[in-house]
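Going by my numbering, the letters in the sequence shown line up with residues 244 to 458, in that order.
Certain hints may be false.
Said to hold, decoys possible - What follows is a set of in silico ranges between Cβ atoms, one per label pair, in the way DEER data are often shown:
| # | residue 1 | residue 2 | range |
| --- | --- | --- | --- |
| 1 | Met-274 | Gln-445 | 39 to 47 Å |
| 2 | Thr-277 | Ser-354 | 33 to 41 Å |
| 3 | Ala-302 | Glu-359 | 50 to 58 Å |
| 4 | Met-244 | Thr-456 | 27 to 35 Å |
| 5 | Ala-455 | Ser-255 | 32 to 40 Å |
| 6 | Gly-442 | Asp-266 | 18 to 26 Å |
| 7 | Arg-458 | Thr-394 | 21 to 29 Å |
Hints are computed from structural coordinates only; laboratory data are not their basis.
Just so you know, these numbers come straight off a predicted model, no measurement behind them.
Glycine included, every Cβ here is placed at the ideal spot set by N, Cα and C.
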Amino acid sequence: MQVAGQAALDGSERFVLDTVRVDDVNVAALMGDTTASRATAALRGEGQGFSPTTMKGRATLTVQDARYGPHRMSSLSTEARLDEGRLTAEADARLHGSEWSLSASGRPFASVPVVEVTNGRVRHLDIGPFLQDTTQSSALQGSFRGRVQGTTPETLQLDTRLTLDTSRINRQEISEASLEATIRDSTLQSALTLDTPQGGTQLTMEARPFDATPR
């Protein structure tokens with residue numbers, strides 16, 4: 244592990260994190276986890292201020308290879324900026340051969356935190372390696388976006404949408420699919436639309452998952 248950086252002690256509150264680098268480190272073991280893991284990654288950043296609500300900063304995280312048990316991330320590139328409490332970030336990753344990208348923004352340090360994914364995309368997603376089940380396979384392509392506000396059941400608000408382009412789950416071809424979900428006043432509402440070459444279906448659901456007796 245390599246760490247190099249500097250901070251100004253002249254009252255300007257400027258700091259630079261030149262390099263935090265790990266090479267083939269068993270990160271799980273450092274946290275007392277016996278799962279086999281390895282990671283090679285680098286973190287760099289710079290900014291001004293030490294209060295999250297007033298800080299201005301920029302950071303990049305690059306993962307060249309990471310493994311946790313049977314799961315493997317072959318690459319990750321993330322750039323994040325913080326400007327007076329507002330966070331923006333972009334990320335690209337390859338996980339089990341699938342390709343992921345997203346743009347996000349939010350105010351995670353606000354009294355009621357807000358995080359929004361404005362442009363998410365996934366390609367070549369095979370569910371088999373994620374499930375660790377060789378009898379399952381897929382080729383999923385689609386997009387996703389969402390917004391989360393609040394961290395408690397009383398304040399939580401959720402809006403999310405997932406769409407699939409031409410895809411496949413096992414032998415079933417999917418022409419198009421969409422899933423929308425919202426949470427308001429502790430009530431979850433969702434709607435699923437699925438179109439296949441053989442036909443389509445629609446399903447709606449309402450639930451209260453945070454009640455003492457979920458329903």
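Going down the list of hints, with the structure as the test:
no., hint, in the structure
1, Met-274 - Gln-445: 39 to 47 Å, "holds (44 Å)"
2, Thr-277 - Ser-354: 33 to 41 Å, "holds (39 Å)"
3, Ala-302 - Glu-359: 50 to 58 Å, "violated (19 Å)"
4, Met-244 - Thr-456: 27 to 35 Å, "violated (48 Å)"
5, Ala-455 - Ser-255: 32 to 40 Å, "violated (52 Å)"
6, Gly-442 - Asp-266: 18 to 26 Å, "violated (53 Å)"
7, Arg-458 - Thr-394: 21 to 29 Å, "holds (23 Å)"
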